[in-house]
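Protein chains in written order, with my numbering: chain P, 181 to 311; chain C, 181 to 311; chain H, 8 to 124; chain Z, 8 to 124.
Do not rely on the hints blindly, as some may be mistaken.
[Unchecked claim] Some but not every residue of chain H turned toward chain Z, in silico, with C-beta under 7 Å: (1) I95; (2) T98; (3) T109; (4) L111.
Please keep in mind that the hints were generated in silico from the structure rather than gathered at the bench. Computed from a predicted structure; not experimentally measured. Ideal Cβ positions, reconstructed from N, Cα and C, are used throughout, including at glycine.
The chain contents come next:
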Amino acid sequence: MDELPIQSGDDVVRVRQRVRVVAADRGLSLVDQTKLVTAASELARNALVHGGGGTARIEVVTSAVGRTGIRIGFSDDGPGIADVDLALTDGWTTGGGLGLGLSGARRLVDEFELASKPGHGTSVVVIKWSR
Amino acid sequence: MDELPIQSGDDVVRVRQRVRVVAADRGLSLVDQTKLVTAASELARNALVHGGGGTARIEVVTSAVGRTGIRIGFSDDGPGIADVDLALTDGWTTGGGLGLGLSGARRLVDEFELASKPGHGTSVVVIKWSR
Amino acid sequence: MERVPILKLGRTLFVSIQIDLQDESVMRLQEDLAGELAATGATGVIIDITAVEIVDSFIGRMLTMIGSISRMFDAETVLVGMRPAVAITLTELGLSLRGVRTALNAEKGLKLLSGRA
Amino acid sequence: MERVPILKLGRTLFVSIQIDLQDESVMRLQEDLAGELAATGATGVIIDITAVEIVDSFIGRMLTMIGSISRMFDAETVLVGMRPAVAITLTELGLSLRGVRTALNAEKGLKLLSGRA
Ligand SMILES: Nc1ncnc2c1ncn2[C@@H]1O[C@H](COP(=O)(O)OP(=O)(O)O)[C@@H](O)[C@H]1O
Ligand SMILES: Nc1ncnc2c1ncn2[C@@H]1O[C@H](COP(=O)(O)OP(=O)(O)O)[C@@H](O)[C@H]1O
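Only chain P is shown next, with the shape it has when bound in the complex:
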């Protein structure tokens, strides 16, 4: 398992690179690698920009039916998200973004879990299974 800090734009790039290496290593197709890295980029940026910094944990997991997958958990101690459903709406943003980060990332992965409590930070876990 890899744990990477997300405290700067450079860190976001490092998370992308690390996810790419792990995903390629586990035999994800080029398209699936690209989707996972893109989702990771969105979520790492959110942890940095909205969460004031956080961490990314990348690990290889095995499903109940024996499939290999990459699981990435992002967490931060930022202000949290008051209305999670709203935050997952395409185009919804509290800042200058496009509001496609969360909703788009969810479409790019196989599993997506967002947990957040206002005042207690945000955690997002995604999994992409190899086919």
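Following the hints, position chains C, H and Z with the ligands against chain P.
Same frame as chain P, now just chains C, H and Z with the ligands:
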């Protein structure tokens, strides 16, 4: 902290000028200064035109991670906004405007908060962080 | 309210915006330009915004409208000297100034105008 | 922060993105391009993303904005070399890059630019 009245077109210009000075003073890049001043111009005009006049409070703030930012709060005692989501939609206007003031201003800043109750005025707070 | 002066040179109207534009001033400029176009039969308008530090949605809309109005008088408007930071900000604001021609500076703007039939 | 260089050849600005883009670098590129367009009067911008492995919503928005900004300076932007996996991912993300022209490679991009009157 600066508090400026918004009661005339001249006042809107003064808000712009003051925001420019503070932003330049705090080392915001030229592009970021321009974005913040433009957002302030939109919101000051809204307070004047839609809110019947109000005030702008400009202050320098520091984020949890130590970044410097400019925070501007606009408030008025006008009729308020019944449907805030609608008002934040690109192109939506009740007047002859382009309907890009609120939505555009939100894109130009890093943080944007709009609070309004019909009959109780409107308050918009924006922050632009220095990079 | 300060007023933006309009200069006539040959068949072209020159406007150089040197003040911090308040809404009234822009509206007044629009009216003054329409008046001049009607009175003089000028075929071109050059608006120099080199000194303009911000263009918000109101000012942007007025500039676009000046373009449309001048076309009604069979004249063309060219906006010159837009600062890079202003262009970036306008784009993020969501305004495109569609329908207004642009040029780097007054000289190039004039060339653009004389290039038309 | 690494910076993406801008090359001027004739009336075209060439940008070939060879680094892992962080947000600051893309914003800087946008500013640098706006500055170059305002300074040089270039009529076209070619952005080669052959080496770009991912385009997320932030980078995608910046690319779209570069297209809009260049139009304000009367120039056109063509994006060349987008990888198939990037195109698929962008679509699933929900981003369309509307308003930006695309071509297979720099050569075809140049043709597209010179095709405009
Ligand atoms: N880690 C986070 N901490 C706090 N708020 C967040 C976080 N991630 C997302 N948000 C909130 O959800 C909104 C939507 O996020 P997203 O879909 O990624 O779009 P964008 O980042 O472009 O605004 C953000 O504007 C922000 O208010
Ligand atoms: N301060 C305010 N008080 C009351 N209504 C407002 C205020 N600001 C904005 N609004 C409402 O929201 C609408 C959209 O605002 P905006 O996006 O700035 O566009 P515009 O000002 O061009 O109409 C306005 O037409 C108005 O009805």
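task = Using 7 Å as the Cβ threshold, decide whether T98(H) counts as touching chain Z.
result = It holds, given that the least Cβ distance between T98(H) and chain Z is near 4 Å, below 7 Å.
query = Holds or violated: is there a CB of chain Z closer than 7 Å to the CB of T109(H)?
reply = holds, 5 Å
query = Going by Cβ atoms only, is L111(H) closer than 7 Å to chain Z?
reply = holds, 5 Å
message = Is the interface hint satisfied for I95(H)? The criterion is a beta-carbon contact with chain Z at less than 7 Å.
response = Cβ of I95(H) sits 5 Å from chain Z, so the hint holds.
Violated hints for the displayed structure: none, as all numbered hints are satisfied.
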